[in-house]
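The lines below spell out each chain.
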Amino acid sequence: MNARAETEHAGDGTRDHTANDTAGHAAAFERTIAADERIEPRDWMPDAYRATLVRQIAQHAHSEIIGMQPEADWITRAPSLRRKAILIAKVQDEAGHGLYLYGAAETLGTSRDELLDKLHAGRHKYSSIFNYPTLTWADVGAIGWLVDGAAITNQVPLCRCSYGPYARAMVRICKEESFHQRQGYELLHTLAHGTSAQRAMAQDAVDRWWWPSLMMFGPPDDASPRTEQSMAWRIKRHTNDELRQRFVDICVPQAEALGLTLPDPELRWNEERGHWDFGPVDWAEFRAVLAGEGPCNEERVSRRRRAHAEGAWVREAASAYAAKHPRGGAAPHVPTAPTVGAGAS
Amino acid sequence: MSRAAEDEAEPGPGAGWPLWEVFVRPRRGLAHTHAGSVHAPDAELALRNARDLFTRRGEGVSLWVVPAAAVTASSPDERDPFFRPTADKPYRHPTFYEVPEGVRHL
Numbered sequence: 478m479n480a481r482a483e484t485e486h487a488g489d490g491t492r493d494h495t496a497n498d499t500a501g502h503a504a505a506f507e508r509t510i511a512a513d514e515r516i517e518p519r520d521w522m523p524d525a526y527r528a529t530l531v532r533q534i535a536q537h538a539h540s541e542i543i544g545m546q547p548e549a550d551w552i553t554r555a556p557s558l559r560r561k562a563i564l565i566a567k568v569q570d571e572a573g574h575g576l577y578l579y580g581a582a583e584t585l586g587t588s589r590d591e592l593l594d595k596l597h598a599g600r601h602k603y604s605s606i607f608n609y610p611t612l613t614w615a616d617v618g619a620i621g622w623l624v625d626g627a628a629i630t631n632q633v634p635l636c637r638c639s640y641g642p643y644a645r646a647m648v649r650i651c652k653e654e655s656f657h658q659r660q661g662y663e664l665l666h667t668l669a670h671g672t673s674a675q676r677a678m679a680q681d682a683v684d685r686w687w688w689p690s691l692m693m694f695g696p697p698d699d700a701s702p703r704t705e706q707s708m709a710w711r712i713k714r715h716t717n718d719e720l721r722q723r724f725v726d727i728c729v730p731q732a733e734a735l736g737l738t739l740p741d742p743e744l745r746w747n748e749e750r751g752h753w754d755f756g757p758v759d760w761a762e763f764r765a766v767l768a769g770e771g772p773c774n775e776e777r778v779s780r781r782r783r784a785h786a787e788g789a790w791v792r793e794a795a796s797a798y799a800a801k802h803p804r805g806g807a808a809p810h811v812p813t814a815p816t817v818g819a820g821a822s
Numbered sequence: 329m330s331r332a333a334e335d336e337a338e339p340g341p342g343a344g345w346p347l348w349e350v351f352v353r354p355r356r357g358l359a360h361t362h363a364g365s366v367h368a369p370d371a372e373l374a375l376r377n378a379r380d381l382f383t384r385r386g387e388g389v390s391l392w393v394v395p396a397a398a399v400t401a402s403s404p405d406e407r408d409p410f411f412r413p414t415a416d417k418p419y420r421h422p423t424f425y426e427v428p429e430g431v432r433h434l
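So the protein lines, in turn, are chains A and B.
Residues 478 to 822 in my numbering are what the first sequence spells out, letter by letter.
Residues 329 to 434 in my numbering are what the second sequence spells out, letter by letter.
These are computed hints drawn from the structure, not numbers from a lab.
These figures come from a predicted structure and were not determined experimentally.
Heads up, some of the hints might be wrong.
So the derived label-pair ranges between C-beta atoms look like this [as the list claims (entries may be wrong)]:
(1) B:390 - A:561: 29 to 39 Å
(2) B:410 - A:508: 29 to 39 Å
(3) B:389 - A:769: 45 to 55 Å
Examples of chain A residues toward chain B, derived with CB under 7 Å [to be verified]:
(4) 573
(5) 580
(6) 784
(7) 796
Cβ atoms here follow ideal geometry from the backbone N, Cα and C, with glycine treated the same way.
Construct the complete structure from the given sequences, taking the supplied hints into account.
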């Protein structure tokens with residue numbers, strides 16, 4: 478429940494105890510995983526399990542807040558008040574998702590400030606997809622449909638992740654992502670049934686976002702060394718290739734319903750497999766974008782750094798106000814009787 | 329047996345704001361449930377941050393924020409001995425008792 482209280486004992490198993498105790502803790506950890514129960518923050522866990530989670534949750538959190546940028550670029554240019562309000566709500570949701578995830582990472586003993594510092598210093602990665610630019614309004618639709626759709630395909634199994642706080646954050650996120658995906662699909666559908674110029678714009682956006690969306694599932698299974706351990710720990714429930722295939726199978730009929738095509742000449746139904754076959758993903762491009770050579774890597778991180786620096790005065794003012802008003806300011810209702818048992822609100 | 333969490337020293341303005349645990353009452357008649365945590369310099373901002381983070385879609389009718397440092401938690405290492413007294417008292421459950429055939433409303 479309490480991140481600080483929970484992490485205080487974080488390293489107990491390896492720090493304070495004898496080898497026998499550690500073996501006992503490890504056995505208890507393995508039993509919990511095998512029973513498909515959740516590991517909670519103050520439980521003993523292997524150092525590598527903790528490190529894997531921190532890396533994955535941090536990358537996920539960073540992706541949420543960096544992912545605000547490509548879409549926020551279109552808030553001032555949304556074509557109607559309705560679309561503008563939707564887009565603002567969506568971008569705000571992404572900030573919220575980042576905060577849920579930073580909170581989950583903090584229960585593992587890593588502070589949010591530390592993770593943000595690493596993002597700002599370029600030492601932490603985020604999803605490569607956000608290094609592509611949003612060139613037209615239709616990109617907002619393609620991101621909602623394809624990028625958020627791929628994210629949902631990835632994230633639904635994470636709701637059953639073996640680490641409790643991560644799984645709980647994912648439940649909240651998945652509920653909210655489905656609005657994101659639908660608004661994107663509706664936006665594209667509207668364009669696809671509009672003028673020929675609007676239709677062409679929608680098709681162009683899908684052409685540009687399709688392949689990077691497939692890359693979101695990560696490298697193919699035979700080039701993904703961490704997958705096996707993550708699946709044994711039940712952090713991941715499916716391999717990258719399984720999820721990628723699931724996403725392709727979902728998208729093909731959805732594209733048909735839009736009246737748009739997916740930019741893959743090798744896409745065809747495979748009766749024997751019961752899945753859609755698709756062409757090879759350009760993994761050289763994926764590695765290049767991840768390594769910093771994408772169209773927007775520099776812009777995304779420097780804008781993030783600038784936003785953080787420009788917000789410093791707000792944080793300083795809030796701290797100064799709190800120091801002057803040690804009771805926490807004017808508003809909160811301070812109960813005079815115990816509230817937890819009584820259920821006062 | 330149990331220890332209170334310790335707050336961290338603040339390294340600078342804005343950094344290391346205290347952590348607050350957030351509890352949401354989803355609707356009248358239900359208890360407040362732990363939803364997550366937020367950082368904030370004081371209780372008022374913690375409430376506002378919690379509202380923005382956890383109730384954007386009408387998920388709650390009441391919010392509590394509690395300084396994380398004020399929570400005292402039982403230790404997972406002592407979970408077994410701590411909760412063991414309950415294990416050998418099956419007579420606390422109604423299923424422990426045999427009821428004669430045909431007796432109703434019991």
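In rising order, the numbers of the hints this structure does not comply with: 2, 6
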